[in-house]
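If you want the building blocks of each chain, they are given just below.
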Amino acid sequence: MEQISRSIRSSASERLVRIVGYGFIGAFALACVLPFVLVLGTSLTSERSIQSNGFNFWPKDFTVFAYRIVFENPNLVVGAYFVTIALTVIGTVIGLFLVAMTGYALQRPDFPYRNRISFYIYFTTLFSGGLVPFYLLMTQYLSLKNSYLSVLLPGLLTPFLIIMMKAFVQSIPHAITESAKIDGAGDFTIFRKLILPMTTPALATIGLFIALGYWNEWYNAMLFLTSDVEYRPLQLFLYNVITRADFIRNSSAASNVPLRDMPLESMKMATAIVATGPVILFYPFVQRYFIKGLTVGAVKG
Amino acid sequence: MRLQRLWTNRTLLLMCLPAIVFFLVFAYLPMPGLYLAFIKYNYTDGIFRSPFVGWENFRFLVINGDLARLTINTILYNLAFILIGNALQVFVAVLLNELRRKWFKKIAQTFLFLPYFISAVLIGLIAYNFLSYDYGVLNSFLVSVGLDPVKTYSNPNIWPFIIVIVYLWQTTGYGSIIYFAAIMGLDHEIVEAAEIDGANALQRIVYIVLPWLKPTFIILLLFSLGGVLKGNFGLFYNLVGANNTMLYPTTDIIETYVFRTLMNNFNFSTGSAVSLYQSVFGFVIVVTCNWVVRKTSPDHSLF
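Protein sequences appear in the order of chains A and R. Residue numbers for the first sequence follow this note's numbering, beginning at 1 and rising by one. Residue numbers for the second sequence follow this note's numbering, beginning at 1 and rising by one.
Hints are supplied without guarantee of correctness; some may be wrong.
Derived lysine-lysine pairs resembling DSSO-like cross-links, with alpha carbons at most 27 Å apart [claimed, not checked]:
1) A/Lys-292 with R/Lys-214
2) R/Lys-106 with R/Lys-40
3) R/Lys-214 with R/Lys-105
4) R/Lys-40 with R/Lys-230
5) R/Lys-102 with A/Lys-292
6) A/Lys-193 with A/Lys-181
7) R/Lys-214 with R/Lys-230
8) A/Lys-193 with A/Lys-292
9) A/Lys-145 with R/Lys-40
10) R/Lys-230 with R/Lys-295
11) A/Lys-145 with R/Lys-295
12) R/Lys-151 with A/Lys-60
13) R/Lys-214 with R/Lys-295
14) A/Lys-292 with R/Lys-105
15) R/Lys-106 with A/Lys-292
Simulated from the structure, these hints should not be mistaken for lab results.
Whenever a hint applies, use it, and build me the whole structure from the sequences.
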């Protein structure tokens, strides 16, 4: 008798947890995706329909006019794409190489300076000079204002990724390095010929973090690239389309559409889709690498 | 002896050299610039000939109440992010672990992580899609059920909720990964033994999974508390907008304030004073948190 009541109770709680689980997770997952559907839907809606019905998940009056305007100003979008792709590729290649090399050297148990250098790097996350001195350094002393280097250089290395690389390399036995040393290989050769090929999953993870950082970079671009720069990175371009009326006016002139007929709202959404599309399309295939990076960092601190 | 040690490690040192130079230039060189906090900077005299004013800039910030307001805003937002965020992440991870249908779990996870990977600019635009007075989905909904539309972008009282909700929306899925991975590390035999002893699903969660997550929870909490004085500039700036002064009372944090002193007012000394205050107190907080971590779990302390 007692056995039966217990199993009934157990199945009831089992069911409760399952209902809450599927219900809550399902609802949350939908809430994570629907905003993107909303942006996409609005980007495909005519301006007249937006003015009477507001933003909508499903376009009531379907049109690709906003995309036409966005692409009819090709030097802006294409230029922004080109700048962002160039920054992402160059920054990822150089940054990945530097992060991997530093991370490998810093986890070598036989490297007597590893703790001091690690702390030197880590300390920068504890104490910083703040925005104003950084800005003055970049603009007045390094003369990087209106130079793409102002976006490229600060994003190359982060303490977080170096620590992550250290954690990854630590899973490779030190004996491999030691035996190669006995065979007469130099440290850099060991890194390049032995360690790099063995850490490809780690490199993929770190490379993706760096690449995502460059693709979404907007802060340094906003600080250092002023209106004198013809082509801005994508996210800054998007920011300008959203917030600055003069951008809309320029697009209006470039596409021969009178200002009052410009699809102001749907244009913002169309630009957002164009700027974010690659990340959303690409991301499902690489998400496991982002997950791996986080769990490695968590285990090793 | 010393030189010899340098020489034998020359390759490894050279391999670290780019990183050393990088952090020297971009992180250490700006630090002496905090001297700006003690002068009355003007453009013509530059850093070295502008008059030295001691603690005057700080006194000014204390008297006009800016420093207190910024500190309270920054800390309260971070506390909400950290406490609600971690609780929600545990909740999501535990529920994900209970789901049996593989395909559902996979798709749900992919969706849940997605907001983490988009730029702050798009976050601002998405919020605008919901909150815009004229076209936003929120007001369309309110009007359709017969209520009055709300002027979100001029009502400072609702912004703490908006900002916290957007933050949770963006980070909960990705943040739950750590907890989910920790649950994966739980010994299956313990769970099975409990089930044989008659533990139901709720008991399994309350008496086995949650206690198992407790150390991870505490460590993550302490780590995040170390950054309680650091604000997420991109989130606040893109949600609130560059010049929406009406919302400042409830949305202005240290980062946005310093940004304005630099870009709008060119008041370099005030901005530096706030940054120095933030760095020094932030440092004290991190060291304290790390000290607590070392007491509770020495393996996890950072230094």
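Hint by hint, here is what the structure shows:
Only pairs whose Cα atoms come within 27 Å are accepted, and A/Lys-292 paired with R/Lys-214 is accepted, the gap being roughly 22 Å. Between R/Lys-106 and R/Lys-40 the alpha-carbon distance is near 57 Å, which puts this suggested pair outside the 27 Å criterion. A distance of roughly 24 Å separates the Cα atoms of R/Lys-214 and R/Lys-105; the hinted pair therefore holds under the 27 Å criterion. Between the alpha carbons of R/Lys-40 and R/Lys-230 the distance comes to roughly 25 Å, so the proposed pair stays at or under 27 Å and holds.
A threshold of 27 Å between alpha carbons decides the hint, and for R/Lys-102 with A/Lys-292 the separation of about 19 Å falls inside it, so the pair holds. With a C-alpha separation of about 13 Å, the suggested pair A/Lys-193 and A/Lys-181 falls inside the 27 Å cut-off, and the hint holds. At most 27 Å may separate the alpha-carbon atoms for a hinted pair to count; R/Lys-214 and R/Lys-230 meet this at roughly 25 Å. About 24 Å separates the Cα atoms of A/Lys-193 and A/Lys-292, which keeps this hinted pair within 27 Å; it holds.
Between A/Lys-145 and R/Lys-40 the alpha-carbon distance is near 24 Å, which keeps this suggested pair within the 27 Å criterion. Distance check on the hinted pair: R/Lys-230 and R/Lys-295 sit about 24 Å apart at the alpha-carbon level, within 27 Å; holds. At most 27 Å may separate the alpha-carbon atoms for a hinted pair to count; A/Lys-145 and R/Lys-295 exceed this at roughly 47 Å. Distance restraint check for R/Lys-151 and A/Lys-60: the Cα-Cα separation of roughly 25 Å lies within the 27 Å cut-off, and the hinted pair is therefore satisfied.
Distance hint between R/Lys-214 and R/Lys-295 is fulfilled; the C-alpha atoms sit about 16 Å from each other, no more than 27 Å. Taken as a hint, the A/Lys-292 and R/Lys-105 pair is honoured in the structure, with Cα atoms around 17 Å apart against an allowance of 27 Å. Between R/Lys-106 and A/Lys-292, the direct Cα distance comes to roughly 15 Å. Compliance with the 27 Å bound is thereby established for this hinted pair.
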